[in-house]
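Undergrad: Each chain, written out:
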Amino acid sequence: MDFLTALRISGTGLGVARTRVNLATSNLANAETTRTPNGGPYQRLDPVIQAVPFPTELGEATGAGANPPLQAEVQAIVADQTPGRRVYSPGHPDADGDGFVVFPNVNPVHEVVNLMSASRSYEANATAIETLKTMAQRGLDIAR
Amino acid sequence: MKIFDTTLTRLQEALDVRLVEHNVLAGNVANADTPAYRPRELDFSQAMAAARETVASAGMATTDARHLATGGAAIGAGSRATGAAESLVHQGAGTSPSIDGNQVDLDRTMAGLAENALQYGASARAAGKKLAILRYVASEGAG
Amino acid sequence: MSIESIGTLSGPAGGVAPEPRTREIARPGEGPGSFTEALGGALGKVDQIQLEADAQAEKVAMGGGNLHEMSLALEKADVSMRLAMKVRSKLIDAYQEIMRMSV
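As you go down the protein sequences, you meet chains A, B and C in turn.
Using my numbering, the first residue of the first sequence is number 1, and each one after it goes up by one.
Using my numbering, the first residue of the second sequence is number 1, and each one after it goes up by one.
Using my numbering, the first residue of the third sequence is number 1, and each one after it goes up by one.
By construction, these hints were calculated from the structure, which means they are not laboratory data.
All values derive from a computational prediction rather than experimental measurement.
Incorrect hints may have been included.
[Said to hold, decoys possible] Just a few of them, taken from the derived set where beta-carbon distance is under 10 Å, the chain C residues facing chain B:
(1) Gly33
(2) Ala57
(3) Met70
(4) Arg82
(5) Arg100
[As the list claims (entries may be wrong)] Listing some non-contacts, in silico: residues in chain C with all C-beta distances to chain B over 12 Å:
(6) Pro32
(7) Ser34
(8) Thr36
(9) Glu37
(10) Leu39
(11) Gly40
(12) Gly41
(13) Gly44
(14) Lys59
(15) Leu74
(16) Ala77
(17) Met81
(18) Gln96
(19) Glu97
(20) Ser102
From the three backbone atoms N, C-alpha and C, an ideal C-beta is built for every residue, glycine too.
The following block holds chain A by itself, in its conformation from the complex (with noise of 0.2 Å):
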């Protein structure tokens, strides 16, 4: 395990950070969004984020025995299958037969959160890489 590795690990962690709030951007802009390309109300965007090894070039995990430190990093991004709420309002152009609309299954409160999160989860894996400048300062000033 060296400089790059920690630079690697924590490099996947502010990707996952900052998909985590695209994902969140998304959900919130799209709150009220009724109809998209797929048909039907928009559904709100969940990434499913699992801890892989960190891979050499030789393709297998590095060393540390059973319990090398992990990358993060987003498997998928999938929708939330949970009805919206539908609100009857018969003169919307996207009200159904019986005059109720169905909009999306976002909470404002939720995604604000997530995206609180997500934004500590960025700033915590940037100060990693700050500490890690440091430390790889101190370490080239042995041989000034």
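Starting from the structure of chain A, add chains B and C where the hints point.
TA: Okay, now just chains B and C, sitting in the frame of chain A:
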């Protein structure tokens, strides 16, 4: 006669183990939102003891009376200490269980990162200073 | 000729007998207060300071220890070594100067 004494070896080991610790903590931070993730941990004193043992016991074995004795323990010591420390990384119990099963305590991990970096810097500074004294003496006061 | 013999001369003959004073005349370069001892003592102290710095650095390396104590010990070691080197150069210069003197 040894030019580089055991203190320098200890400092080298400390630097290696501190780097492994950083990787462990950075991995935890990167996975702070991964569901069902249990944080990895490294016991520093244990890792230092393992590193010291690995470095001390390594070196080329002389199997024939005609073999030259080598102070080979110093060669490749860095990667051996790192390997010894890596093998001690284990899954921790986790301190902040949450609904999605993730057990990383982000604040404690960040504090651990800061402390680890500080100690790394201190060991690096000490190693640099010792080598500077040696360099000064070796260059007869000119360097 | 030792001072004692002068004392015995003037003692019984009257006058104040000077107190017989014995003084060990040490061989140059040895004995208490000699240059060799001072130099040896000083080098010993420098060595002690180096060892103390080593001990502090090891403590910090093992995870304990006190950062500012370590820094102070290291800096003292550095300065004392520089002073010792300066003394060494001065000694060598002095020696060479003496050797250059035409007899």
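Undergrad: If a hint holds in the structure, say so; if it doesn't, say that too.
TA: For each hint, the structure was consulted:
Interface hint status for Gly33 of chain C: violated, as the beta-carbon distance to the closest one in chain B is roughly 29 Å, over 10 Å. Taking 10 Å as the C-beta cut-off, the interface hint given for Ala57 of chain C holds, the closest approach to chain B being about 4 Å. Interface hint status for Met70 of chain C: upheld, as the beta-carbon distance to the closest one in chain B is roughly 6 Å, under 10 Å. Hint status for Arg82 of chain C relative to chain B: holds, with the closest Cβ pair at about 7 Å, below 10 Å.
The interface hint given for Arg100 of chain C is broken, as the beta carbon of that residue sits about 20 Å from the closest beta carbon of chain B, more than 10 Å. At the 12 Å boundary, the C-beta of Pro32 of chain C stays outside the reach of chain B, the nearest C-beta of that chain being 30 Å off. Consistency note on Ser34 of chain C: stated as away from chain B, and its beta-carbon is indeed over 12 Å from all of that chain's, at 26 Å minimum. Listed as outside the interface, Thr36 of chain C is consistent with that label: its C-beta sits roughly 22 Å from the nearest C-beta of chain B, beyond the 12 Å cut-off.
Under the 12 Å C-beta cut-off, the non-interface status given to Glu37 of chain C relative to chain B holds; the minimum distance is some 23 Å. Every beta carbon of chain B lies more than 12 Å from that of Leu39 of chain C, the smallest distance being close to 17 Å; the non-interface claim holds. Every beta carbon of chain B lies more than 12 Å from that of Gly40 of chain C, the smallest distance being close to 18 Å; the non-interface claim holds. Gly41 of chain C, annotated as away from the interface, keeps every beta carbon of chain B farther than 12 Å; the closest lies near 20 Å.
Distance to chain B confirms Gly44 of chain C as a non-interface residue, since its nearest Cβ pair spans about 17 Å, more than 12 Å. For Lys59 of chain C, the condition that its CB be more than 12 Å from all CB atoms of chain B is violated, with the nearest at approximately 10 Å. The beta carbon of Leu74 of chain C is not kept farther than 12 Å from every beta carbon of chain B, the shortest such distance being approximately 4 Å. Annotated as non-interface, Ala77 of chain C brings its C-beta within 12 Å of a C-beta of chain B; the closest such distance is 6 Å.
A cut-off of 12 Å between C-beta atoms contradicts the statement that Met81 of chain C is not in contact with chain B; the least separation is 5 Å. Look at Gln96 of chain C: its CB is around 14 Å from the nearest CB on chain B, clear of 12 Å, so calling it non-interface holds up. Consistency note on Glu97 of chain C: stated as away from chain B, and its beta-carbon is indeed over 12 Å from all of that chain's, at 18 Å minimum. Every beta carbon of chain B lies more than 12 Å from that of Ser102 of chain C, the smallest distance being close to 28 Å; the non-interface claim holds.
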